[in-house]
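Could you put together the complete structure from these sequences and hints?
If you want the building blocks of each chain, they are given just below.
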Amino acid sequence: MSSSTQAPLGTQSITLKHDDHVIIDGLDVTFPAGKVTAIVGPNGCGKSTLLNGLSRVHLPSSGHILLNGKDIHSMPAKQVAKKLALLPQETSAPDGITVRELIRFGRHPHQSLFKQWGMDDRTAIEFALQAANLESLGDRLLDTLSGGQRQRAWIAMSIAQETPLLLLDEPTSALDLGHQIEVFDLIRELAAAGKTIIMVVHDLAMAARYADHLIAMKGGEIVAQGSPKQVITPEILESLYGVHCDLLADPHTGAPILVNVRRAHDSGASKAAAPSDKKQAELAL
Amino acid sequence: MHFATSFWQRAPSQRPLVVCFCLVSVLTIGCALLSLLIGAGAVDITESWSTLWGQGNEEAHFVIMELRLPRTLVGLVVGIALGISGALMQAVARNPLAEPGLLGVSAGASFAVAAALILGASAATLAMGVAQLGALAGCFFVMIAARLQGQFKDPVRLVLAGAALTSLLTALTSILLMYDQRAADEIRFWVTGSVAGRHLSNLVTVLPYFAIAAAITLYVSKPLASMALGEKVALGLGHNPRTIRYLVMLAVALFAGSATAIAGPIMFVGLVVPFAARALVGPDIRRTMIMCLPIGPLMIIGADILTRMIAQPAEMPLGVLTAMVGAPVLMLIVRAKRLPTLA
Numbered sequence: 001m002s003s004s005t006q007a008p009l010g011t012q013s014i015t016l017k018h019d020d021h022v023i024i025d026g027l028d029v030t031f032p033a034g035k036v037t038a039i040v041g042p043n044g045c046g047k048s049t050l051l052n053g054l055s056r057v058h059l060p061s062s063g064h065i066l067l068n069g070k071d072i073h074s075m076p077a078k079q080v081a082k083k084l085a086l087l088p089q090e091t092s093a094p095d096g097i098t099v100r101e102l103i104r105f106g107r108h109p110h111q112s113l114f115k116q117w118g119m120d121d122r123t124a125i126e127f128a129l130q131a132a133n134l135e136s137l138g139d140r141l142l143d144t145l146s147g148g149q150r151q152r153a154w155i156a157m158s159i160a161q162e163t164p165l166l167l168l169d170e171p172t173s174a175l176d177l178g179h180q181i182e183v184f185d186l187i188r189e190l191a192a193a194g195k196t197i198i199m200v201v202h203d204l205a206m207a208a209r210y211a212d213h214l215i216a217m218k219g220g221e222i223v224a225q226g227s228p229k230q231v232i233t234p235e236i237l238e239s240l241y242g243v244h245c246d247l248l249a250d251p252h253t254g255a256p257i258l259v260n261v262r263r264a265h266d267s268g269a270s271k272a273a274a275p276s277d278k279k280q281a282e283l284a285l
Numbered sequence: 001m002h003f004a005t006s007f008w009q010r011a012p013s014q015r016p017l018v019v020c021f022c023l024v025s026v027l028t029i030g031c032a033l034l035s036l037l038i039g040a041g042a043v044d045i046t047e048s049w050s051t052l053w054g055q056g057n058e059e060a061h062f063v064i065m066e067l068r069l070p071r072t073l074v075g076l077v078v079g080i081a082l083g084i085s086g087a088l089m090q091a092v093a094r095n096p097l098a099e100p101g102l103l104g105v106s107a108g109a110s111f112a113v114a115a116a117l118i119l120g121a122s123a124a125t126l127a128m129g130v131a132q133l134g135a136l137a138g139c140f141f142v143m144i145a146a147r148l149q150g151q152f153k154d155p156v157r158l159v160l161a162g163a164a165l166t167s168l169l170t171a172l173t174s175i176l177l178m179y180d181q182r183a184a185d186e187i188r189f190w191v192t193g194s195v196a197g198r199h200l201s202n203l204v205t206v207l208p209y210f211a212i213a214a215a216i217t218l219y220v221s222k223p224l225a226s227m228a229l230g231e232k233v234a235l236g237l238g239h240n241p242r243t244i245r246y247l248v249m250l251a252v253a254l255f256a257g258s259a260t261a262i263a264g265p266i267m268f269v270g271l272v273v274p275f276a277a278r279a280l281v282g283p284d285i286r287r288t289m290i291m292c293l294p295i296g297p298l299m300i301i302g303a304d305i306l307t308r309m310i311a312q313p314a315e316m317p318l319g320v321l322t323a324m325v326g327a328p329v330l331m332l333i334v335r336a337k338r339l340p341t342l343a
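Chains as they are written, first to last, in the UniProt record's numbering: chain H, 1 to 285; chain F, 1 to 343.
Because the hints were derived from the structure by calculation, they are not lab data. Remember, it's a predicted structure, so these values are computed and weren't measured experimentally. Be a bit skeptical, because a hint or two may be false.
Claimed, not checked - Straight-line alpha carbon distances no greater than 20 Å define the calculated SDA-like cross-link-like pairs of lysine to any residue that follow: (1) H:83 x F:286; (2) F:222 x H:230; (3) H:83 x F:232; (4) F:222 x H:116; (5) H:115 x F:286; (6) F:232 x H:49; (7) H:115 x F:222; (8) F:222 x H:121; (9) F:232 x H:174; (10) H:82 x H:193; (11) H:35 x H:230; (12) F:222 x F:54.
Next comes the structure, spelled out in structure tokens:
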């Protein structure tokens with residue numbers, strides 16, 4: 001494989017366990033460079049576990065995670081942190097921290113005992129503030145911002161980290177619709193500037209609209225992957241969530257839109273038959 | 001005047017560190033001076049003052065240079081050690097009530113010293129290393145207790161576990177002393193806590209440990225600050241939270257062990273000093289620790305001056321005074337509706 005087409009991040013038959021419970025078993029997956037990839041799937045499908053594995057939070061019990069072709073666990077943590085930034089789902093910051101102070105943390109991988117605070121750090125922070133549209137809020141306390149602004153400040157911290165890869169775990173889970181759009185727009189801008197973005201997204205409609213590449217998971221396995229149009233089909237949705245739905249095309253982007261979502265086999269006369277039918281549908285997979 | 005009002009109206013985290021540091025340092029220096037001038041020995045303030053400037057008689061010189069100066073310097077070192085170790089422990093446990101005195105680290109150190117003395121050691125030089133080991137054992141207990149209850153979640157539970165360990169170790173120490181009168185006399189201040197009657201040589205023996213702990217603290221301060229953003233974030237920034245946690249506990253053990261080896265178990269100082277520091281400069285661990293440098297000695301030396309004045313002509317042990325003041329403070333903190341959280 002030539003290095004120009006090589007995926008910046010991928011896994012080689014990784015197995016991830018919670019205690020003795022196998023969540024993901026021998027999974028191979030790669031993520032396209034310079035694109036926004038959304039990992040979707042029902043609760044407990046292993047999407048967050050996969051992201052935690054990719055970001056070294058969760059150690060694989062076997063297999064490799066390859067960052068530019070090299071095993072991520074054989075690299076020094078600081079080197080990894082210069083290539084791959086992570087924004088976990090639940091974040092908490094100490095009281096009284098300002099936006100700029102939060103963003104400063106993003107510079108840690110570029111500093112050391114002998115190279116503390118430099119001009120490049122300052123430029124990176126100003127750039128991150130600008131990129132996240134926070135120039136006027138740099139000195140505001142983080143607690144005084146709206147949810148969307150706060151999440152953009154956290155993303156700005158990872159922008160200051162200056163990594164080609166950014167991993168986000170449900171970046172909009174606690175936000176209302178307007179703030180969700182605000183954050184997804186920023187993510188699109190980052191991808192347009194050349195970043196490879198991998199995120200776990202709960203909301204399928206949002207994933208379909210904002211991601212270039214979808215990876216649909218169920219039971220720790222990849223059920224489908226490809227463009228939103230390829231992945232979001234009535235058949236795949238039924239196998240993922242056990243729902244029936246109709247699809248329309250977004251008049252602006254052509255991305256699939258889900259309408260009339262209902263439980264599989266629930267719309268018919270016999271409701272009692274639904275659970276067993278569903279089970280059969282699962283067995284058939 | 002305008003500057004003063006705007007200074008106090010600012011959020012603590014946004015106050016200039018240099019100004020806060022200098023203000024408290026002035027108080028600390030004043031307190032240290034006062035500690036040279038009053039108490040211990042029949043030399044009054046005016047006589048002490050002239051002795052400081054090279055006049056005064058032989059006796060006054062002895063009292064100040066051999067009694068009060070070591071005592072003040074010991075207070076300085078112990079104050080810094082307890083303040084910093086409290087701040088480190090609270091940061092790593094993400095628990096505002098974590099403190100070496102409360103959690104049994106100091107009790108572990110003094111139990112180890114008692115055991116060593118009973119087993120025949122009498123030289124104070126041996127006591128130093130033994131106290132460090134005892135403190136380290138106490139630290140490991142805290143780590144295990146915290147692990148059992150899952151990531152330090154409930155501040156009060158951790159303190160309860162620590163209180164249980166402290167009473168157990170104190171009881172064991174008392175039993176040891178019952179059987180050995182010689183050790184009982186030698187160890188009295190290791191049980192109650194005091195900075196009196198220490199020689200500068202005691203200080204010199206703990207300096208290496210103190211220096212190692214200080215170096216570790218410098219090294220971990222930045223990763224530790226990022227751990228306040230959550231362990232996953234720290235990991236994403238290229239730090240190793242697990243290693244950092246072990247290094248911090250080692251530094252705590254060295255600091256608390258050093259302090260206990262010189263001054264015995266002194267409770268609550270490690271709790272109150274970081275609290276005061278955070279109230280002044282906010283929760284960033286680096287700012288907190290820098291403020292602990294003057295606040296720790298201020299509290300120890302200030303309390304030590306009080307011990308000389310309360311029960312004249314006798315002296316009240318320092319550990320007794322800090323416990324009497326610290327216990328109600330802890331109760332107020334625990335009773336507060338919203339327990340302050342560290343992120």
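How the hints compare with the structure:
| no. | hint | verdict |
| --- | --- | --- |
| 1 | H:83 x F:286 | violated (27 Å) |
| 2 | F:222 x H:230 | violated (46 Å) |
| 3 | H:83 x F:232 | holds (16 Å) |
| 4 | F:222 x H:116 | holds (11 Å) |
| 5 | H:115 x F:286 | holds (17 Å) |
| 6 | F:232 x H:49 | holds (13 Å) |
| 7 | H:115 x F:222 | holds (13 Å) |
| 8 | F:222 x H:121 | holds (15 Å) |
| 9 | F:232 x H:174 | holds (18 Å) |
| 10 | H:82 x H:193 | holds (17 Å) |
| 11 | H:35 x H:230 | holds (16 Å) |
| 12 | F:222 x F:54 | violated (45 Å) |
Violation of the numbered hints given earlier is confined to hints 1, 2 and 12; the remaining hints are satisfied by the structure.
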